[in-house]
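Take the sequence shown: its letter number 167 is residue 167 in this note's numbering, and every next letter is one higher.
No lab work stands behind these hints, which were simulated from the structure alone.
Since we're looking at a predicted model, the values are computed, not measured.
Heads up, a few of these hints could be off.
What the hints assert, rightly or not - Estimated spans, in silico, between C-beta atoms of each pair:
1. Gln99 to Val315: 49 to 59 angstroms
2. Ala202 to Glu268: 18 to 28 angstroms
3. Asp213 to Phe144: 39 to 49 angstroms
4. Ala116 to Leu26: 29 to 39 angstroms
5. Arg37 to Arg309: 18 to 28 angstroms
6. Ala119 to Arg270: 54 to 64 angstroms
Think of the CB as a built atom: it goes at the ideal place given N, C-alpha and C, for glycine as much as any other residue.
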Amino acid sequence: MKRFPDGQPETAADTASLLAGLADPLRLRLARLVEQRELTVGELAKVVQSPQSTVSRHLKALADAGWLSRRAEGAASLYRLVLDTLPTDARDVWLAVRQTCVPQAVAQRDRRRLDAVLAERRTDSRSFFGRVGGEWDSVRRDLFGRGFTPVALLALLDPGWTVADLGCGTGNVAERLAPFVRRVIAVDQSDAMLDAARARLAPFGNVEFLLGDLDDLPIEGGTLDAAVFALVLHHLDEPGRALAQARRALKPGGIALVIDMDAHEHEEYRRTMGHVHLGFTRDAMSALFSDAGFVDIRAAPLPSDPDARGPGLTVTTGRRPPSD
């Protein structure tokens with residue numbers, strides 16, 4: 001917070017700076033709210049129904065102008081307007097305008113939402129998360145990054161499993177699986193891709209590399225607990241044949257998992273990337289699984305990455321019948 005000698009602005013410019021800090025309708029609402037309670041960015045964003053980034057920017061302007069104090073509590077920042085700490089001129093101005101600076105209907109809505117936010121805080125008062133609230137996703141991302149949850153969930157896999165990465169490419173999927181299962185078999189028809197995968201997966205001693213076509217898998221029947229096709233089937237002339245080969249290589253009850261593009265109209269992918277199929281509808285993919293002899297077929301769309309430019313993705317799974 002900006003401080004002045006003896007608690008007073010020294011010059012007209014200082015006073016103008018104080019007043020300029022309030023020169024926005026949202027800042028006036030925020031100032032009214034933090035006069036009533038010490039609040040976090042996330043809590044204020046809920047009350048005023050604005051993005052946290054917008055609220056943070058206006059809180060900084062208010063604090064820089066000398067209106068607010070800021071206190072850190074764990075990973076959260078709490079803001080407060082305390083009349084006793086304001087310069088006399090600023091206090092007089094605020095007392096004169098605070099009741100009329102926000103339209104009554106807006107002030108009433110803010111009050112109702114503030115009551116709801118405070119009720120949530122009381123419910124969670126024994127927890128750090130009650131104060132961090134809506135900021136937690138941002139705090140967690142800052143502390144730990146974005147990608148740890150999907151990787152950690154791989155620990156749910158049976159550590160005794162043998163899993164095939166079919167059409168492994170440079171080994172992205174195999175690299176994720178290797179720490180969590182007994183054995184990974186990486187298959188690709190390209191020597192160059194397998195060489196890249198070998199280099200990438202050199203730290204792991206449980207990965208086997210096989211050169212071969214997916215419609216004639218070089219894997220004995222009943223070997224695999226799971227088989228993964230990650231963005232592979234749209235490259236194949238006969239994706240159903242590759243699925244049938246995966247079913248043969250699976251143990252009874254084993255799982256096949258396919259990640260592939262939803263049906264799309266990017267015809268240029270055929271030319272630029274050698275795609276044979278322009279994605280698959282969910283019904284078409286389910287039919288491929290069914291025709292290959294799988295049961296318990298399920299499909300779900302994958303969350304869209306805001307930075308991604310390609311079609312949406314769907315994950316489909318099916319089991320080799322346990323009695324097969």
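Evaluation of the provided hints:
Roughly 56 angstroms separates the CB atoms of Gln99 and Val315, a value that falls within the hinted 49 to 59 angstroms. About 36 angstroms separates the C-beta atoms of Ala202 and Glu268, a value inconsistent with the hinted range of 18 to 28 angstroms. Between Asp213 and Phe144 the beta carbon distance is about 41 angstroms. The supplied range of 39 to 49 angstroms therefore holds. Between Ala116 and Leu26 the Cβ separation comes to about 19 angstroms, which falls outside the hinted range of 29 to 39 angstroms.
Between Arg37 and Arg309 the C-beta distance comes to about 44 angstroms, which lies outside the given range of 18 to 28 angstroms. Our hint of 54 to 64 angstroms for Ala119 and Arg270 holds, since their Cβ atoms are close to 57 angstroms apart.
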